[in-house]
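As given, the protein sequences belong to chains A and B, one line each in that order.
Its first residue numbered 1, the first sequence is counted upward by one per residue in our numbering.
Its first residue numbered 1, the second sequence is counted upward by one per residue in our numbering.
Treat the hints loosely; a few may be bogus.
As the list claims (entries may be wrong) - One-sided excerpt, in silico: chain B residues whose CB lies under 10 Å from chain A:
hint, residue
1, 251
2, 252
3, 714
4, 752
5, 755
6, 898
7, 899
8, 902
9, 903
To be verified - Footprint (simulated), chain B over chain A, 3 or more residues, beta carbon under 8 Å:
hint, stretch
10, 38-52
11, 75-87
For the record, the hints were derived by calculation from the structure and aren't laboratory data.
Keep in mind the model is a prediction, meaning the values are calculated, not measured.
Beta carbons: idealized from backbone N, C-alpha and C, even for Gly.
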Amino acid sequence: MLYIKCPWCGWRDESEFGYGGEAHIKRPEDPDALSDAEWADYLFMRTNPRGSHRERWVHTAGCRRWFNAIRDTQTYEFKAFYKMGEEPPGGEQ
Amino acid sequence: MSQPHRLQTGGRIDRDRPLRFTFNGRTLQGYAGDTLASALLANGEHLVGRSFKLHRPRGIMGAGAECPNSIVQVGSGNATLPNLRATQTELYDGMEVRSVNCWPSVKFDLSAVNQLFAPLMPAGFYYKTFMWPKSFWHNIYEPRIRKAAGFGKAPDGPDPDRYDKHNAHCDLLVVGAGPAGLAAALEAGRRGARVILCDEQNELGGSLLASRAFLDGEPAMSWVDRVVGELAAMDEVTLLPRTTAFGHYHHGFVSLLERVTDHLGPTSPDERPRQRQWRVRARQVVLATGAIERPLVFSNNDRPGIMPASAVSTYINRYSVTPGTRAVVFTNNDSAYQTALDLADHGVEVAALIDVRPEIEGVLADRVRKEEIDVLPGMAVVDTTGGQRVSGVRVMRLNTRGDSVYGEGRTIECDLVATSGGWNPVIHLHSHPGGGMCYDHDIASFVPDQPVANTLNAGACSGNFSLDGCITEGFSAGATAAAASGFGSDDIEGEAPATARVREAPMRPLWRVPTRRTVTRSPKQFVDVQNDQTSADIFLAAREGYASIEHIKRYTAMGFGTDQGKLGNINGAGIAAEALGEDIAAIGTTTFRPAYTPVTIGALAGRDFGPERFHAVRKTAMHVWHEQQGALFENVGDWKRPWYYPQAGETMRQSLDREVRATRQSLGVLDASTLGKIDVRGPDAAEFLNRVYTNGWKKLEVGRCRYGIMLGEDGMVMDDGVSARLAEDHYHMTTTTGGAARVLAWLEEWLQTEWPELRVYLTSTTDQWAAISLAGPNSRKVVEQICEGIDFSGEAFPFMTWRAGKAAGIPARVFRISFSGELGFEINVPANYGQHVWDAVWEAGQPYGITPYGTETMHILRAEKGFIIAGQDTDGSVNPMDLGMHGLLSKYKDYLGRRSLSRSDAVREDREQFVGLVTVDDPAEIIPEGAQLTDDPNANQAPKPVPLAGYVTSSYYSATLGHSIALAMVKRGRERMDEIVHAPQADGRVIKCRITSPVFYDPKGERQNV
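Using the sequences and the accompanying hints, generate a full structural model.
The structure is reproduced here in C-alpha cells:
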C-alpha cells in the first residue's frame, strides 16, 4: 500500500487513488497527419523504465483531481508530486 | 491428570490455575501460561500428527512460529479452527483438540502404508504422474489427493466469530518485543514518539521469556518487567502482545493480526472480537524479529522427540516441561551447549553431546564437561531408530572436509535429540517490500543487506546473536528512528543493562550429514518436514536441470507448507548449493512473501462481508414500491433494478409477454432513475461534447435532445446515451447505468489532463433525479393529465426534445425520448419526490391499464427495435461501423477515437457486423446468448477448431412478433441478409438461424413520432 501525496489533499493511502499510466503523452494536434504506425505509437506504446518514471495518478476517492508523480519503479519511492500543467521537477528526462 | 513431565518449580506457568483439555478424546491437564504444545509435552504426548505425503509419525518439533508439525484441529461445530499450530495456541479450559491428516487415529494411521511406496513418490511425482488422461485430474486425482493429504477440516456453516479492522498511524512501529525491540521502543518512547510495539507471543520479552541470562545482575525477566512497566505508563506507546506483524509493505505500511480473545476460548463471555487486523502506517519501522534455530539434517531426522535445541530449552525454562528423560545433543555451534546445561540442571540425563567440530574449547564447553556430559568432538548423527518416538541415534566420525562419515558406528539410546545447525535471522519482514539480503559466512546464513527506506533491523534478525549486542542495537535503532521522526538526535540516551558476554567459538557450517551411500539410496534426510521433502528430492531436482532455488522450491514443494519452510529453507539452499556444485551465497534464498504466519480470512474481511457491507447497494426512490408490487430485482452495477413483475401463477415468460404487450398496446412504466446522469456546464460545454461524441453537438438547439456514442481513443464503442441542451452553456448528459462512473472519470481525465483550457464543469447527478419513463400509445394522455405548463401536442413537443414544467406539482424536466420505439416521455424530478410523482402517474394511468415493466421487458422492447446496449451488444472490440452507425460519425470535426476508425484493422471488410437473427425450425426457440455461430451445419462433428461466423449478443422471445429474436455480430453480416448460419449447442443440437436486419419492428420509426 503506497503512501501518496495528493497536491490538493495531502498524504493518503494508495487505495484512494487510481493509476493513469505514463505522464506527458500529448494527444497529437492533427491526428490525420499521422501514419497508422505513428498513431498506434501514441495509442499503445509506453515506456517501461527501471528507475524513475513520470506517471499520472487521480485522487478518485478524494478530490477527483489528476496529478503527476515521479516514482522509482524499482524501490517504489516517490521522488516528486506535481500538478497537471506544471513542469516535472528536474526538467525533461 | 498428572503431568509426568512437568517440573515442580519454575517456569512462567501458573500452577494454581490448572486447565483441562482433551486431545483425541483423552482428558489432560495443563496450566495457565501453557501453549497447547507445552501442555501436551507435559503429559508426555510427543506424537501429534502425520506427515503430508508419507503419513510418517510427527511430533511437536519447535516452540513457536517455526514448528512444521504440530498442526491440530481445535474446537467443534462452526467455530472449529483447522490447522492451528499447537506451539502458538494458548491453552484454555475446556479446549478440544484433535489430530489431523490421520485415519483412523494418529497412532494407527492406515495411510502410513504410503511409506512403502515412498520410492515411487519423489519430487515432481504429482506433475509427472497425474497428467493423463486430462479428465482424470478433476474427477479422480485431485479429490483423492486432497482427501488423502489435506490437513484440517473447515466448517461448513458461517463463522460465528466476529472480527475487526483498525487503522493506525505512528512515528515508530517496533515488530518484536525481545531484547532489541524492547530497547528500541524504550528509547523512542522516552522521547515522546508515538510508538506501537507488537509481538506474536502472549507476553512481551521474546527470547528472554525462555532465557536463564542475567541483566544488571538479576534474571533477565526482571529487566523486561521494568521496561514493559515503563512503556505501559507512557501515553503515546501502544503495547500489542499476541499480535503478529504478518505483512510489511511499502512506505511503512504494516499489517498486524491481533488475537484478541482466541486465548479465552469460544465459551468466554468476553464480547470483544476474536481477532483484529491492524493496518499501521508508520513513519519508521524497526524490525526486531529475532532468529530461528535451524536443525541439522540427517537420516530419519523427523521422528518425534527430535527437536531444535532452543525449543528444548524453551520447554524447560519457560514452561517447566522436560521433553524427554535421556537426551542427546547434536550441534555444530556453541548455542546448544546451553541446552545441554538446561537439561542437566533440570535432571534430564544427557547421554552425549555430539559436536561436528573436531576441536571444542571455550567457557560453555568447560561448563558442559564439568557436568560430566560425554562430549564427542568431530562426530555426527548419521541415523536414528524409533517408531512413534525416537529411541536412539547412530553416530559416526565426520571427515575434515565434511563430505563423508567413516569409522565404526556407535549407537546411543535416547528419547530426545536436541539439534542445532546454527541460527537463521528472521528476515521475512525485511524482505516483503523488497529488502535485499546477503550471505554472512560467520553465521552461515542470510542477513539484511540493501535496506528498505525508513526501516531498520535490530538484534538477531540483523545477524547479531549476542544478548548485549541485541540490546545495544535496539537502543541505537530506537534513537535513529525517533530522530528521523523529529524526536531528538541519533545519540542513544538510554542505558543498556549490564550483561556477561560469553565468548563463543566459531561454528562449523554443515547443511546435511553426509551419507554412506548416495543420498538418493540412503534413509530419508528431511529438509522440509511438513511437506516430506528430503535432500534426495533436491538432488533429483538438480539432476533434472533445475538450477534456480525458486525452481527447486516449486519442483520439490520445499517451503510450501503452512510453516513456509521456516526451519528448512536455508538448509535446503545449502543442500541445493552442494547438489549444483555452487556456493550458497550465489544460490540465495527464495523470496519471502506475506503472510509471515497464516491469517484468518475473517480478520482480513473484518466486518466487510455479506450483501450489505461487502458491496454497496444502490436503490432508487421507488424501490419500496417495486418490492410491494412483487418485483424481482436484477443487479446492474451497484443498483438494484426491477427485473420483472410476476403476478400470481405467472411464469417468467408469461410476465414478460404481458409487460411487452401492455406497453406496445397501451401503456408501460419503467423506473429509469439508475441511468447515469452528468450535468455538463460551462462556456465551452458544446465544444467539449463535440470532442467526446462522434456526432456534431454545436448546432443542437436549446430544448432539443440528441443520441450520441462515445469511443475510446482506439475507436471502439465505449458508451452511449441521450443528452439534452438545457441552456447555451448547460447540458444534461445520460450514460448507461453501469457506465456512469467510468464515463464521468473518462470525461474528467480529458478535461483535466488534455484540455485544461476548456471551461467545463462536470457533476454527477445520477442520484439527484428520479426518472419515470412512460412508453406506449397512451403515454401522452397520462403526462397531459399530471403535468402543468407543458403543451404535449406533437407539434409543440416533438420527438427528441425536452420541456420544463411541473409534474404532480413538482418542478420537472420532461424528455420526449424512447428506448422502446413507442411514443414515450421520461419525467425527471428531484429524487425525494420520485415516489410522489410515480404515485400520480400510477393513478392517472389506471384507465389505460398502466403496467410496470422491468429491465427484461426493456431489453426485449429495445431489441425488437435493434437498439444496442453498450456493454451487452458491444464488448470493447466493436466500432461504430460494425454497428452500422456510419450516420453518427461527423466528417466535419475531430473527436476521440476518430483517427482509429481509419486504421487498417478498422476498415477490414470481413469484420463482424451487427445483424438480427431468427430461428428457422422452431420460431419460438430462444438461442442462448453468447452462442457461437458457424457456417458449417455439422460443426459439432467437424475437426476443431471450427471457423466461426460470429456470436449472439442478445436473445429473447418477442411477444409482439410471435417468435424469438436475437441480435448478433456476424462476419460480413450486412452482406448476408437471409443467409443461414448455425448455432451448435453443447448438448449436440444445432440451431438453424436466418440473418435479418437488427430492426425487427416498425423499421420506419413511425410509432415514436406520433
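Structure-based check of each hint:
Checking residue 251 of chain B against chain A: minimum C-beta separation of about 4 Å stays under 10 Å; hint holds. The beta carbon of residue 252 of chain B is positioned within 10 Å of a beta carbon in chain A (closest approach about 7 Å), and the interface hint is therefore held. With its C-beta approaching chain A no nearer than about 6 Å, residue 714 of chain B sits inside the 10 Å limit, and its interface hint holds. Checking residue 752 of chain B against chain A by beta carbon gives a least distance of about 4 Å; that is within 10 Å, so the hint holds.
Using the Cβ-Cβ criterion of 10 Å, the hint placing residue 755 of chain B at the interface with chain A is satisfied: the shortest such distance is roughly 9 Å. This hint holds: residue 898 of chain B has a C-beta 7 Å from the nearest C-beta of chain A, less than the 10 Å allowed. At about 4 Å, the closest approach between the beta carbon of residue 899 of chain B and any beta carbon in chain A falls short of 10 Å, and the interface hint on this residue holds. Evaluation of the residue 902 of chain B hint against chain A yields a held restraint, the C-beta minimum of about 8 Å falling below 10 Å.
Restraint check, residue 903 of chain B versus chain A: the minimum CB separation of about 5 Å is within 10 Å; hint holds. Closer than 8 Å: that is the beta-carbon criterion, and the stretch 38-52 of chain A has 3 residues meeting it against chain B, so the requirement of 3 holds. Proximity of the stretch 75-87 of chain A to chain B, defined as three or more residues with a beta carbon under 8 Å from a beta carbon of that chain, is established by the 5 residues found.
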